[in-house]
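Chemist: Keeping their order, the protein sequence lines are chains A and L.
Here our numbering runs 21 ahead of the position in the first sequence, where the first position is 1.
Here our numbering runs 21 ahead of the position in the second sequence, where the first position is 1.
Bear in mind the hints are in silico, worked out from the structure with no lab data behind them.
Check the hints yourself; a few may be wrong.
Each computed BS3-like pair below joins lysine-lysine, with the alpha-carbon atoms no more than 27 Å apart [stated by the list, open to error]: (1) L:K160 x A:K146; (2) L:K146 x A:K297; (3) L:K160 x L:K24; (4) A:K146 x L:K297; (5) A:K179 x A:K58; (6) L:K297 x A:K297; (7) L:K146 x A:K146; (8) L:K146 x A:K160; (9) A:K58 x L:K66; (10) L:K179 x L:K297; (11) L:K24 x L:K66.
The model shown is predicted, which means the values in this text are computed figures rather than measured ones.
One-letter residues, chain by chain:
2 protein chains.
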Amino acid sequence: MFKRVAIIGLGLIGGSLGLALRQARAAQHLAGYDPGKGVGDRARKIGAIDQSCSSLADAARAAELIILATPVGAMRSLLQQLASLASPGAVVTDVASTKAQVISWAEEYLPPTIPFVGGHPIAGKEASGIASADATLFKQCIYSLTPTRHTSPAALQKVATLIDVLGARVRFLEPPEHDGLVAGMSHLPFIASTALMQTVAGNPSWDDASLLAGNGFRDMTRLAAGSPEMHRDICLTNSETITRWLADYISALSTLRDRISAHDTTLIEVFTQAQKQRLAWQEAQENPKKTE
Amino acid sequence: MFKRVAIIGLGLIGGSLGLALRQARAAQHLAGYDPGKGVGDRARKIGAIDQSCSSLADAARAAELIILATPVGAMRSLLQQLASLASPGAVVTDVASTKAQVISWAEEYLPPTIPFVGGHPIAGKEASGIASADATLFKQCIYSLTPTRHTSPAALQKVATLIDVLGARVRFLEPPEHDGLVAGMSHLPFIASTALMQTVAGNPSWDDASLLAGNGFRDMTRLAAGSPEMHRDICLTNSETITRWLADYISALSTLRDRISAHDTTLIEVFTQAQKQRLAWQEAQENPKKTE
Chain A
22 MFKRVAIIGL
32 GLIGGSLGLA
42 LRQARAAQHL
52 AGYDPGKGVG
62 DRARKIGAID
72 QSCSSLADAA
82 RAAELIILAT
92 PVGAMRSLLQ
102 QLASLASPGA
112 VVTDVASTKA
122 QVISWAEEYL
132 PPTIPFVGGH
142 PIAGKEASGI
152 ASADATLFKQ
162 CIYSLTPTRH
172 TSPAALQKVA
182 TLIDVLGARV
192 RFLEPPEHDG
202 LVAGMSHLPF
212 IASTALMQTV
222 AGNPSWDDAS
232 LLAGNGFRDM
242 TRLAAGSPEM
252 HRDICLTNSE
262 TITRWLADYI
272 SALSTLRDRI
282 SAHDTTLIEV
292 FTQAQKQRLA
302 WQEAQENPKK
312 TE
Chain L
22 MFKRVAIIGL
32 GLIGGSLGLA
42 LRQARAAQHL
52 AGYDPGKGVG
62 DRARKIGAID
72 QSCSSLADAA
82 RAAELIILAT
92 PVGAMRSLLQ
102 QLASLASPGA
112 VVTDVASTKA
122 QVISWAEEYL
132 PPTIPFVGGH
142 PIAGKEASGI
152 ASADATLFKQ
162 CIYSLTPTRH
172 TSPAALQKVA
182 TLIDVLGARV
192 RFLEPPEHDG
202 LVAGMSHLPF
212 IASTALMQTV
222 AGNPSWDDAS
232 LLAGNGFRDM
242 TRLAAGSPEM
252 HRDICLTNSE
262 TITRWLADYI
272 SALSTLRDRI
282 SAHDTTLIEV
292 FTQAQKQRLA
302 WQEAQENPKK
312 TE
């Protein structure tokens, strides 16, 4: 049970964290802060927080756990401010999709009395914002933690308890390892989805074509509806790795384009292999014990 | 009410057509033919057809409506054979995702007494095969019809009745127009999904990365599990258009790669535009009357 938790940033993730903590009665007091107009009040009204604070200082005061749930770009300044605003002993954690950059800021700005644990719940949906918050968002999701040699067991324990309350499954990774893997599994798919949306909606045929969209198109463009600010920050803080994955993806597409253009009947082998890989992954997802 | 309908090819689409026709009691007799071992029997057992025929000739005999639900590649030979096997007055239709090629075969092989109407229901799921057949697969889906100047109103009426029974929504298009639009909305997304699966599963980090997959990855690779044979045939029969769409997609991705590599903060504008396009499309989907 937490005494006082502060959630900074009350979008889909921050709001869902609050709802889940409340539903589990895991915090005596949940303070929230979001600079967006009316966002804190809305979060309080739907029960995601007990108190909407008008400043970072108010929210952070006396909190034992401070969760940063803003886009990565905002975290640098938040960490700088928390160095003086957070109580000694408070644990700071974040939920950003890129870890190396955030951790380097935390190590630069926070004193040793305010430990930081980098975290990343792999959860989301196309809609962003407090209106989409959902207490069950983290159930069974993978929640990465990226402790470093500076991370104390006590701080790690506090965040592990949070993950337990959320019903998520923890996975420990080195920060650069995390960023490389997530670039392939999450950032690359976002870019692929966005480029697809751009390509079809930018074509003169879009008005007619859009009426022929099926479930495949819907699924393939869902990620493109994600938060632009969050994804810009992800691209800025994980640029090298994402660029590398994109080069691989473009190369695979170019090969397919050449083979399709050449009426290559052996394309079926590529499609069969991708089908097998997808089915094997799905099988492993449905029976996670086999693979862990 | 149809007297005798023949479904040639009893996979996901053929099986689902049979189930839907039976559920609507729209056919007095449903004959089915599939060369796959045991497929016809399984289709009969789940109630997708009344009779599993051992040859195309048996299935086509006396049928007033013959539905080709095989991969496109098999249709050339089927149409050649149906020229002598189908009863005069029988209407032949198909469900292939590419129309120009199938229609040119139909016009080459079928006599005027056996009219052909090209059709394409935009429905599917990741699983293929008779085991995945579903009577509700076509409910509310868009079902394209591509009549030509050779198509009689009576033949068109017969297929329109089928679409009505399925609960689908008909959309009339010129064959090349259909193929161009579907290439962008369906074939390109499949290639994008397959290349993504290839890229991530082909990376040395795949074993670790696969454990970090979230809903985004799941959605973006779902299409890659589709039938390899069907998609090879689609690529072979719609090669030019798909190649053109792929070039546009690769170009969009390359631009994004360059901008991400350059830490371009104005990326947010691209992401915002794609988000708006996706949300507008979704809004139109949910309120179709506004757009039609």
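Chemist: If a hint holds in the structure, say so; if it doesn't, say that too.
Modeler: To see whether the hints hold, each was checked on the structure:
The straight-line distance between the Cα atoms of K160 of chain L and K146 of chain A is roughly 25 Å, inside the 27 Å bound, and the hint therefore holds. Under the criterion of a C-alpha separation no larger than 27 Å, the hint pairing K146 of chain L with K297 of chain A is consistent with the structure, at around 16 Å. Annotation: proposed proximity of K160 of chain L to K24 of chain L holds, straight-line Cα distance about 23 Å (limit 27 Å). For the suggested pair K146 of chain A and K297 of chain L, the alpha carbons sit about 16 Å apart, so the restraint of at most 27 Å is met.
For the proposed pair K179 of chain A and K58 of chain A, the alpha carbon gap of about 31 Å is over 27 Å, so the pair is violated. Annotation: proposed proximity of K297 of chain L to K297 of chain A is violated, straight-line Cα distance about 35 Å (limit 27 Å). About 20 Å separates the Cα atoms of K146 of chain L and K146 of chain A, which keeps this hinted pair within 27 Å; it holds. Among the hinted pairs, K146 of chain L with K160 of chain A is consistent with the structure: their alpha-carbon atoms are about 25 Å apart, no more than 27 Å.
Restraint check: the Cα-Cα separation between K58 of chain A and K66 of chain L comes to about 60 Å, which exceeds 27 Å; the hinted pair is violated. Pair hint K179 of chain L plus K297 of chain L does not hold up; C-alpha atoms about 40 Å apart against a cutoff of 27 Å. Between K24 of chain L and K66 of chain L the alpha-carbon distance is near 21 Å, which keeps this suggested pair within the 27 Å criterion.
Checked against the numbered hints listed earlier, the structure breaks hints 5, 6, 9 and 10; every other hint is satisfied.
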